[in-house]
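> Okay, here's what each chain looks like letter by letter:
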Amino acid sequence: MVGDMQKAAAPDADGAGQAVELENVVYSWPGQKQPILRIPRFSLGQGETLFLSGPSGGGKSTLISLVAGILQPASGSVSVNGVRVDRLPGSKRDAFRGDAMGLIFQQFNLIPHLCMLDNVLLPCRFSSARSARAAARDGSPEKSAQRLLQRLGLGQDMWGNPVGRLSVGQQQRVAAARALVGAPPLIMADEPTSALDADRRADFLHLLLRECADAGSSLLFVSHDTTLADAFARRASMAQINMPCHEE
Amino acid sequence: MTTTPAAIRVVCILAVLLCCWHCTAALALTDDYARQKAEGWHPSHEDLAKAAAAKKSGKYTEITWEKLIPPSWNPAKVFDRFNFDRFSDDDPRADKALKEFQTLWSNAPANKILGGKMVSIAGFVAPLDFLGGDQMSEFLLVPYFGACIHVPPPPANQIIYVTLEKPLGIQMMDTVMVYGKLEIEKSESDIGDAGYRIKADAVEPYAAEETN
Amino acid sequence: MKRWRFLLGLACSSAWNRRGTLCLVVFSIALSTTLLLGMERVRTQVRENFMQSVSGTDLIVGARGSELQLLLYAVFHMGKASNNMGWDSAQRIAQRKDVAWTIPVSLGDSHKGFAVVATTTDFFTRYQYRRYAALQFATGRPFEGIFDVVLGAEVAAREHYKPGDRIVLSHGDGNSLLAQHADKPFTVCGILAHTGTPVDRGLYISLAAMEAIHIDWQGGAPVPGFHVRPDQVTKFNLTPKNVTAVLVGLKSRSRVFAAQREINADQQEALMGVMPGVALDQLWTLLRSGENALRVLSWLVTAAGLAGLVATILAGLGERRRELAVLRAAGASPWDIVALLSLESLLLVLAGALTGAAFMAALLLVFSPMLASVYGLSLALTCPTAAEWQLLAGILAAGFLAGLIPAWRAYRISLADGLNAST
Numbered sequence: 001m002v003g004d005m006q007k008a009a010a011p012d013a014d015g016a017g018q019a020v021e022l023e024n025v026v027y028s029w030p031g032q033k034q035p036i037l038r039i040p041r042f043s044l045g046q047g048e049t050l051f052l053s054g055p056s057g058g059g060k061s062t063l064i065s066l067v068a069g070i071l072q073p074a075s076g077s078v079s080v081n082g083v084r085v086d087r088l089p090g091s092k093r094d095a096f097r098g099d100a101m102g103l104i105f106q107q108f109n110l111i112p113h114l115c116m117l118d119n120v121l122l123p124c125r126f127s128s129a130r131s132a133r134a135a136a137r138d139g140s141p142e143k144s145a146q147r148l149l150q151r152l153g154l155g156q157d158m159w160g161n162p163v164g165r166l167s168v169g170q171q172q173r174v175a176a177a178r179a180l181v182g183a184p185p186l187i188m189a190d191e192p193t194s195a196l197d198a199d200r201r202a203d204f205l206h207l208l209l210r211e212c213a214d215a216g217s218s219l220l221f222v223s224h225d226t227t228l229a230d231a232f233a234r235r236a237s238m239a240q241i242n243m244p245c246h247e248e
Numbered sequence: 249m250t251t252t253p254a255a256i257r258v259v260c261i262l263a264v265l266l267c268c269w270h271c272t273a274a275l276a277l278t279d280d281y282a283r284q285k286a287e288g289w290h291p292s293h294e295d296l297a298k299a300a301a302a303k304k305s306g307k308y309t310e311i312t313w314e315k316l317i318p319p320s321w322n323p324a325k326v327f328d329r330f331n332f333d334r335f336s337d338d339d340p341r342a343d344k345a346l347k348e349f350q351t352l353w354s355n356a357p358a359n360k361i362l363g364g365k366m367v368s369i370a371g372f373v374a375p376l377d378f379l380g381g382d383q384m385s386e387f388l389l390v391p392y393f394g395a396c397i398h399v400p401p402p403p404a405n406q407i408i409y410v411t412l413e414k415p416l417g418i419q420m421m422d423t424v425m426v427y428g429k430l431e432i433e434k435s436e437s438d439i440g441d442a443g444y445r446i447k448a449d450a451v452e453p454y455a456a457e458e459t460n
Numbered sequence: 461m462k463r464w465r466f467l468l469g470l471a472c473s474s475a476w477n478r479r480g481t482l483c484l485v486v487f488s489i490a491l492s493t494t495l496l497l498g499m500e501r502v503r504t505q506v507r508e509n510f511m512q513s514v515s516g517t518d519l520i521v522g523a524r525g526s527e528l529q530l531l532l533y534a535v536f537h538m539g540k541a542s543n544n545m546g547w548d549s550a551q552r553i554a555q556r557k558d559v560a561w562t563i564p565v566s567l568g569d570s571h572k573g574f575a576v577v578a579t580t581t582d583f584f585t586r587y588q589y590r591r592y593a594a595l596q597f598a599t600g601r602p603f604e605g606i607f608d609v610v611l612g613a614e615v616a617a618r619e620h621y622k623p624g625d626r627i628v629l630s631h632g633d634g635n636s637l638l639a640q641h642a643d644k645p646f647t648v649c650g651i652l653a654h655t656g657t658p659v660d661r662g663l664y665i666s667l668a669a670m671e672a673i674h675i676d677w678q679g680g681a682p683v684p685g686f687h688v689r690p691d692q693v694t695k696f697n698l699t700p701k702n703v704t705a706v707l708v709g710l711k712s713r714s715r716v717f718a719a720q721r722e723i724n725a726d727q728q729e730a731l732m733g734v735m736p737g738v739a740l741d742q743l744w745t746l747l748r749s750g751e752n753a754l755r756v757l758s759w760l761v762t763a764a765g766l767a768g769l770v771a772t773i774l775a776g777l778g779e780r781r782r783e784l785a786v787l788r789a790a791g792a793s794p795w796d797i798v799a800l801l802s803l804e805s806l807l808l809v810l811a812g813a814l815t816g817a818a819f820m821a822a823l824l825l826v827f828s829p830m831l832a833s834v835y836g837l838s839l840a841l842t843c844p845t846a847a848e849w850q851l852l853a854g855i856l857a858a859g860f861l862a863g864l865i866p867a868w869r870a871y872r873i874s875l876a877d878g879l880n881a882s883t
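Chains as they are written, first to last, in my numbering: chain A, 1 to 248; chain B, 249 to 460; chain C, 461 to 883.
Hint data in this document are derived by calculation from the structure and do not stem from the laboratory. Hints are supplied without guarantee of correctness; some may be wrong.
Subject to a maximum C-alpha distance of 30 Å in a straight line, what follows is the list of computed DSBU-like cross-link-like pairs (lysine-lysine) [as the list claims (entries may be wrong)]:
(1) C/Lys-462 <-> B/Lys-315
(2) B/Lys-315 <-> C/Lys-701
(3) B/Lys-447 <-> C/Lys-557
(4) C/Lys-711 <-> B/Lys-414
(5) B/Lys-360 <-> C/Lys-540
(6) C/Lys-557 <-> B/Lys-344
(7) B/Lys-360 <-> C/Lys-462
(8) C/Lys-462 <-> B/Lys-434
(9) B/Lys-347 <-> C/Lys-462
(10) B/Lys-429 <-> C/Lys-462
(11) C/Lys-462 <-> B/Lys-365
(12) C/Lys-557 <-> A/Lys-92
(13) B/Lys-447 <-> B/Lys-303
(14) C/Lys-462 <-> B/Lys-298
Predicted model only: the values in this text are computed from it and were never measured.
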């Protein structure tokens, strides 16, 4: 059990420039004495794809928030690409998130009053580094966004449309394009397929993995649907990573 | 390309302060007193400079209102003829005496010595034409407040008819100091001197130093 | 400042998306802006109009009564005179040694809503307005014959009269069509140039003419069976018996107090002399408290409009929590959220204020002809004054401050929600 845990927590021992690295992280909800997360060690390598499973309420979303810098751990260290996220001051955390991470949620990922293209370009507006990376690859952030949308099966005629009328499947693909634009080193997806039909889930996953490989981004995929786990390089469960102390 | 949130914070705070200031300024337009002050006469820099230069030049002698009355004039002596104790009530002679006194008052002579002198004198403004805004070009200078509203008007030798080259925004009942050459107008009739007149070289607001 | 431009674009797009609800908010702010600006504009222009209507007149003399009423009636043709003064008193005043000129005026009749003023030809040579400007004739000449009439510029323009036209005067304020002096029509002999004062709204006839049209009238109505033809009027004595007021110019302006007191103490008739400048200043002091009350009311209306703005945006925040979470995921800080919400409020208040200003300009355009002919107010569509800019800035400032409330709320929400906005 301990061996499994260690294996799940860190694939290789050199750990040089890990995409994500957590050490002795403890987090509890404000007002709660009982920590919801107690993670002695967790890491994700560069370019690696990880499927993280666990029950709802088990702290998966909290973990993502901690890595993204939205929440601060009570103790321990959180690093993304070698940067100590928990040590950064508030505004720098937000900026770093824009630079280095792409996030996809289960639903309502998009800003309803912006068109498809503007939604995809959102991170580039907040981060100049990201915008520069996109421009370096495709000439301009707009062209980068267009390329991604094309590759995700969303044609040119849709780019200027307001996103309100898209199907859930289409919306999730736009969200994926947004997470991928500017090739951030880390992409985190919190139950992105749970709102999709069963037959669409595999398609979406396939597209996402292909684009992550193309961009060289690491992918942390959190879901309770274990049928998707086989596509990933590594899989783990919250129970293996998280050991909150139960007072009993 | 992107500004840090710290800069946003600073801009927000500055904007808040600016807005508070504007709000108070706009609200101040509501306050009657503040508005009166705002709309009162604000002499321009050149007007004030002209007055300061006039004061410094020493050309103008400051005079008081008493100087405008010739020492020999004493309208009250009209009453010396009468012994009021011997009048009965409603005696027509008392009214006659009062009328004589009033006639003398309104025909009060000018102090000829002051004719043509460069003087400066402070007093209250009674408007002749209220042209609105900054356009008063003629007014009467009188020695006390309310001379045109409810208090009996001053005698003819305590009124100065002031004309300005350039209209100024003087308001009714402002206190001002006028610098100029004092002329005694020739009367076109036989009712005594027409009164004093000053073509003002400079006018400035006057704050009384002491009231007693 | 690319981020600011982006946030501004985002605010625009977000507000446009909710334009149905926000329209009402913008409308209420526009209304309060119109109210504030309109009040200010009317106030200052009315004042200027009044102040510039007459100059160079030392006293206005009339029957003893209300000073303001005499001024308003004699100069502005507003209201009624409580009493007339006798013609012999007018003559006596004209013969005073300290008087340089007099202009007797008699009012009472009207023509199509404009006042008919019976006066002497001295009116055209002595009356001054603004900075001592004298009256000019655009065309024609002063009255000579009994039934000659000189028109003010506004009268001629509105009714399209030209010299030679025949017009009929109405008795009294002309409300009853029966009370016309139809048997004695007048001929237009001259039209005055535009002055921007109540002079434009008057028709000027001689004092004799005024007597002439009333020879066969008694107590406000024509006497049945007694009719005097126009050619017969000269047989009668056409000296007026009384006049409404006399405008007096003194030889020496510093004698105005003395003259005023003597006229007030006149033994033969109860008269009063009014100094125009002083009376007008008293009028403004009287009106000032009313103005203040109106101004406070306008600010309250603005506050109500802004409260509506705050309430609407606050209510909409609930729906936008997801949107705020998405922005934070993309790298926005809570201060970006504050900036976004503040910009939104500012844009709405700006839109409201500009709409309100435009609306006020439109109202002025539409109503100024009517105001000019009925009240003699020329409300010009000029550039906004400094005070008006200040009011606009005040509204914007108040709007921005009010908008900080929902912005702060959004800040707290986005901090609390993080990425998981109550889905």
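> Work down the list of hints and note, for each, if the structure agrees.
Consistency of the hints with the structure:
no., hint, result
1, C/Lys-462 <-> B/Lys-315, "violated, 74 Å"
2, B/Lys-315 <-> C/Lys-701, "violated, 48 Å"
3, B/Lys-447 <-> C/Lys-557, "holds, 25 Å"
4, C/Lys-711 <-> B/Lys-414, "holds, 23 Å"
5, B/Lys-360 <-> C/Lys-540, "violated, 48 Å"
6, C/Lys-557 <-> B/Lys-344, "holds, 22 Å"
7, B/Lys-360 <-> C/Lys-462, "violated, 79 Å"
8, C/Lys-462 <-> B/Lys-434, "violated, 77 Å"
9, B/Lys-347 <-> C/Lys-462, "violated, 85 Å"
10, B/Lys-429 <-> C/Lys-462, "violated, 66 Å"
11, C/Lys-462 <-> B/Lys-365, "violated, 71 Å"
12, C/Lys-557 <-> A/Lys-92, "violated, 91 Å"
13, B/Lys-447 <-> B/Lys-303, "holds, 16 Å"
14, C/Lys-462 <-> B/Lys-298, "violated, 52 Å"
In the structure shown, a violation is registered for the earlier hints numbered 1, 2, 5, 7, 8, 9, 10, 11, 12, 14, in ascending order.
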